[in-house]
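> As you go down the protein sequences, you meet chains E and C in turn. For the first sequence, UniProt numbering gives the first residue as 1, with consecutive numbering after it. For the second sequence, UniProt numbering gives the first residue as 1, with consecutive numbering after it.
Don't take each hint at face value.
Since the list can't tell identical chains apart, any single copy or any two copies may satisfy a pair.
[What the hints assert, rightly or not] Straight-line Cα separation of at most 25 Å, DMTMM-like style, residue types lysine to aspartate or glutamate; simulated pairs:
no., residue 1, residue 2
1, Lys18, Glu94
2, Lys18, Asp108
3, Lys18, Glu41
4, Lys18, Asp119
5, Lys18, Asp106
6, Lys18, Glu146
7, Lys18, Asp139
8, Lys18, Glu168
9, Lys18, Asp40
10, Lys18, Asp148
11, Lys18, Glu137
Please keep in mind that the hints were generated in silico from the structure rather than gathered at the bench.
There are 2 protein chains.
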Amino acid sequence: MRVAELSRRTGVPVPTIKFYLREGVLPPGELTSPNQASYDEGHVRRLRLVRAMLEVGRLPIATIREVLREVDDKDLHGRLGRTLYPLAGVKENEPASPALAAAMTDVDALIARWGWRIDPVSPGRRRLAEVMLTFRELDVAYLMTEIDRYAQAAEMIAESDLRGIATERTADDVVTGAVIGTVVGDALQAALRRLAHEHTSPRFFGEDADAGAARNPADGESRPEPRSKRGPRPGRP
Amino acid sequence: MRVAELSRRTGVPVPTIKFYLREGVLPPGELTSPNQASYDEGHVRRLRLVRAMLEVGRLPIATIREVLREVDDKDLHGRLGRTLYPLAGVKENEPASPALAAAMTDVDALIARWGWRIDPVSPGRRRLAEVMLTFRELDVAYLMTEIDRYAQAAEMIAESDLRGIATERTADDVVTGAVIGTVVGDALQAALRRLAHEHTSPRFFGEDADAGAARNPADGESRPEPRSKRGPRPGRP
């Protein structure tokens, strides 16, 4: 297809497509004449991936270029790790401050507690330490008292993520799926977390009784009891 | 303290502080003379919060202003909800496309399945629908086959989040803690998820045996068996 149809199919304006070509995040089309190129379904998929990383993942174009370079790399060994490491969100390679070094000790303790096997060069350790340090600097370190519950939830999520990715047929699809699953998956988890906050909030901030009663006094029969009266929650689907 | 000390305490350059004052995300100091103002610990905390929302949350300044307006609001009723709604990440108030409307039906089904009580005006429903639609457009809808596991993890996380926030003493602290917990908490969850991916990946992509054996053949005794041989995982801390 010509660039105009590529634009129509994806909703991305032609000048933007040309910008992506110049930036190297969209591979060139096949030249059909000296100044006309032809694009295929691979370009449609790549454009959608670039837009998702920009709009949902809010990633800078340089990070996207770095990630896509690994996606396109034909050497499979360690490709998944190299692809995903730039997505860890670590901003600089500055030496760690004493405060950051202390936070990394806490991260290593967490990793040891859970028996996680993490490569020494993984940027994930430093990223988690940076975030923990931010909580400390904002005087809300108490927000991390349940860090082991969070680690448990992360394991559940990662297991489901990987189970999904592993159904892909080719190595290329696995790598592309992992990129989307990481970037757009962050947005999915954040959206679910906000809904769960809204649901859970009345139990902790005491609007439960009033709100429920005000809406429909007969409701208590048709829906599960409010959690606060049920004690520890049972497992669900 | 003067603006120079505020800058030194927070590491934020003076011109940036003045920009925040103009943008209304930092309240003015107390005037001590016609062109000199004095700042207090509240300004230090506010500056750190603004930086966290910018750097960790990557939020635009307009969203930060909107969130802080609610943080500063003295009317307590519904304040938590109003504060957090702009953080849902919904970009526009455009009418929903047919595809988005279909995705919202799926979101409503999920909410009903879990018995979540969500306000009809909550932006969380639309945000989740937007993300689900992105997965579909990228041809990776299979990445959402475990959406109920994700919902379960989100409930666990939200419960721990709220338990942390609820220990705050004043309503102001609860609201500020909720903002930090939402914005920086997203980064915390994302960092933990990446570490858990790295740990879980060998089980699905088969490097386990080689990598483990190559590193230390005697290791098998001192650490837990690889999950793949243990079957379903038991509960942990």
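> Any hints this thing doesn't respect? Which numbers, in order?
Violated hints: 1, 2, 4, 5, 6, 8, 10; rest satisfied.
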